[in-house]
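Sequence order for the protein chains is A and B.
Following the numbering used here, the numbering of the first sequence begins with 1 at its first residue and continues without gaps.
Following the numbering used here, the numbering of the second sequence begins with 1001 at its first residue and continues without gaps.
No wet-lab data here; the hints were simulated from the structure.
This structure is a prediction, so every number in the text was calculated from the model and none was measured.
Possibly wrong hints are sitting among the right ones.
Said to hold, decoys possible - DSS-like cross-link-like pairs, simulated, lysine-lysine; straight-line CA separation at most 27 Å:
1) A:K84 with A:K5
2) A:K503 with A:K667
3) A:K121 with A:K80
4) A:K503 with A:K633
5) B:K1092 with B:K1006
6) A:K599 with A:K618
7) B:K1048 with A:K673
8) B:K1048 with A:K633
9) A:K440 with B:K1048
10) A:K453 with B:K1048
11) B:K1048 with A:K563
12) A:K673 with A:K500
13) B:K1048 with A:K599
14) A:K485 with A:K438
15) A:K438 with A:K450
16) A:K563 with A:K633
17) A:K450 with B:K1048
18) A:K713 with A:K599
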Amino acid sequence: MKPMKLVMVGNGMAGVRTLEELLKIAPDLYEITVFGAEPHANYNRILLSPVLAGEMTLQDIMLNDVDWYRENGIRLHLGKQVTKLDRRLRKAYAEDGTCESYDRLLLATGSNPVILPIPGKDLEGVVSYRDIHDTNRMIEAAGHHRHAVVIGGGLLGLEAANGLAQRGMDVTVVHLAEWLMERQLDRAAARMLQRSLERRGLKFLLPKQTQELVGENGRVAKVRFADGDEIPAELVVMAVGIRPNTALAESCGLLCNRGIVVSDTLQTYDPRIYAVGECASHRGTAYGLVAPLFEMAKVCANHLALLGFGRYQGSVTSTKLKVTGIDLFSAGNFTGNEQSEEIVLHDAVGGVYKKLVIENNQIVGSVMYGDTADGAWYFQLMRDGQAIGEIRDHLMFGQNHLGNAGHLGQSKAANMPDDMEVCGCNGVCKGTIVTAIKEKGLFTLEDVRKHTKASSSCGSCTGLVEQILASTVGGAYTPQASADKPVCGCTDLTHEEVRKAIKEQRLLSIPATMKFLSWGNPNGCASCRPALNYYLLCAWPHEAQDDPQSRFINERAHANIQKDGTFSVVPRMFGGVTSAGDLRRIADVVDKYRIPTIKVTGGQRIDLLGVQKEDLPKVWADLDMPSGHAYAKALRTVKTCVGSEWCRFGVQDSTRMGIDLEQAFWKMYAPHKVKMAVSGCPRNCAESGIKDVGVIGVDSGWEIYVGGNGGIKTEVAQFLVKVKTPEEVLEYAGAFVQLYREEARYLDRTVHFIQRVGLDYVKKRVADDAEGRRALYQRLLYALQGEKDPWRERSRQASDSREFETIEI
Amino acid sequence: MTQWTKVALLDDIPRLGARVVHGRQGNIAVFRTAEDQVFAVEDKCPHKGGPLSQGIVFGDKVACPLHGWTIGLGDGCADAPDEGCARTVPVKLENGVVFMEL
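All chains should be modelled from the sequences, with the hints used to inform the complete structure.
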């Protein structure tokens, strides 16, 4: 079949992103032609400010150079403006007569700066701030002239003013409204911003209306205001707003209303013609920030690829000013109304202002100045529509970063020098991340992880990396709402949607699931297959088909792979109690198989390190002890203190309780590892406060805590319920882990699960609803019924010994 | 002259899995895809030497078990932006028997 012809008019970020997305999913569907009015290929418009300020060059901000178009077989017409569309013949004509016919047309014509209709607007030295050409004119003027006036105190105007000041000009910002950035900031935050810019030498006149630009010998010389004042100006920058560029669309009769009107599939009223980016008007809104444009690009590409699913439903946007050293963030409805409430923190001397606007127990807007560390977090809470009731009392103080390890306790990226390490796992400094974001044109956390490795291992510095990303790319960065995060790149479906389908459709195998849900790649990827395998086994115990090839090697080999390819073996010691016989056998095994290292673990067990893979089944057989599941997303260990049997302070038999818990729930697979502990008195020697399930004995019974974590980020477990008997401990703890097994996303620990659904929800399901609790507990017991010890299984019959044997030749 | 050596039956290799062939050239991982294609790659990730044979196989790629680099089975090379290649070994499948060129 001959490929269809796709012509794109406009060569900016939104359009080219659409092509990139399209090439990813349907590389051969179209023969693509691009018209760009500018003589440059696609560059990162967001970074014009650093170019103006002299921090970067055009070469640094190129996203796709001419070679990219050639490599992807795209015909590129640079410096050619399309002036006529013939929709009947399906042809696009450029000024110089170039003509291309199309099957599909993509309009990405962007927007034009608004030029005030005042006398003198055409004088030399009067520029707008929109593209690289404008930027070069401003840089040129800065080299020869002294006085610059920027008309417009919005985002763009302030970035222009800051850049010109950094190039040594005397800059005055003139603004019509009463305060700066009135569409993004409230008065208080704007005042602080203004003061801090004034300290950098910028001057402000506001509210002030410009009446006329006065020239001398053809070049602008003065700005005259409505009140009669005048100031000198050899350069005037008009940054009073942008207007969607709809001229071409209107000339061929497409419906426009402050933008080219598009549907949720980004189609105009002529279904062969699509529009994306700043030129499009979607549900009455034309977006001027990059994040929504990228979301549009994804949907549009999907539709162009004839996949037909995916709708663009509008974006919630946030703003960040890209002026080095000034931290400012705003999102949503920050002015509030009669129904909304406000939480405000204002420290004028310390230079910190934070305001959260709350409606119906949800964040609907925020403004932050001076300390924007938690901007991304608030934004995410807002996009997810998460109820904030439980965290309201400490919401204003931000997400607690205090437990993070590996970056000197830093929680504010702005305070970090360039050479300070952000990612302690991969040794990545702040400067490296900033450079990669700028040079490689990165916009998402995933991109940064791929290119720099920062936050790609343990993830504890994710918050810092997000901050760095947000302050480098400004409004272009949107943290993805976790509610609609797809499982992986193979599907657009969320974890919840996949689990629902597995349950409702009674899907019993990975191939059946992938087929039913139209998975993007025939056998998925290394991210989704383990998740699917777990979801299937959790939904249909004893029925779903376990697929060893979709398990990580540790779960396939029932041992932990080490850096040299050998494995470690941790036998189970229920409740941390062992015997002379077990210890003797362990010693014999170590001698017989020449195991190089024996280590006592943090979970009160013994780790045998450096075992050859082919020895594993024999080691298990000789040990004759149960598997410790130290290798699995499963119940690991139940740590105990000595308890009332020996301890002079103990009030409960914690050792017995721990053994009972471990014997009841071992062999239990889960979305991630599960650790438990039982302490025999509130001195809590078993550290129950940092376990997924922590039990603390008190004189009158047992307290149960959940969602603790001693790892990447220390999280203190939260009180769930107090019970009287050991049987109740088993039932409540079992019901909680079953709830976690059924509803948490794969690889989320209990703490993440509780953060997402709220502790109140967990209490309701486990503590308040007696019938529901028993049902949960019964489902767990059913799932565990007849579950085999994998070591005993393997060492006895060696069912698939191929896993452990090498082929010798 | 090319010397084809029989190394295994196709059935000896789990689908979407691998076997390790130990010989004079060190360890070679022989992979079998979902469509029963076979590939042979040196069992050593270009990143930190992880045993690729132990990774999860999908499409014609394998994810290294140590740090999750994705390695193409056809050319042994890491997916961008990671860089590096493991050596590949010619391999062929005839009547359910896997031969490797040694």
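Structure-based check of each hint:
1. A:K84 with A:K5: Measuring from Cα to Cα gives roughly 18 Å; hence the hint holds.
2. A:K503 with A:K667: It holds: about 22 Å lies between the C-alpha atoms, which stays within 27 Å.
3. A:K121 with A:K80: holds (26 Å)
4. A:K503 with A:K633: Roughly 21 Å between the alpha carbons, so the hint for A:K503 and A:K633 holds.
5. B:K1092 with B:K1006: holds (9 Å)
6. A:K599 with A:K618: With a Cα-Cα distance of about 20 Å, the restraint between A:K599 and A:K618 holds, given a limit of 27 Å.
7. B:K1048 with A:K673: holds (26 Å)
8. B:K1048 with A:K633: Given pair B:K1048, A:K633 holds - Cα atoms ~24 Å apart, limit 27 Å.
9. A:K440 with B:K1048: Between A:K440 and B:K1048 the Cα gap is close to 25 Å, so the pair holds against 27 Å.
10. A:K453 with B:K1048: holds (14 Å)
11. B:K1048 with A:K563: holds (8 Å)
12. A:K673 with A:K500: Holds, at roughly 23 Å.
13. B:K1048 with A:K599: It holds: about 24 Å lies between the C-alpha atoms, which stays within 27 Å.
14. A:K485 with A:K438: holds (25 Å)
15. A:K438 with A:K450: Since the Cα atoms of A:K438 and A:K450 sit roughly 15 Å apart, the hinted pair holds (cutoff 27 Å).
16. A:K563 with A:K633: Measuring from Cα to Cα gives roughly 20 Å; hence the hint holds.
17. A:K450 with B:K1048: Satisfied, since the Cα-Cα distance of roughly 17 Å is no more than 27 Å.
18. A:K713 with A:K599: holds (24 Å)
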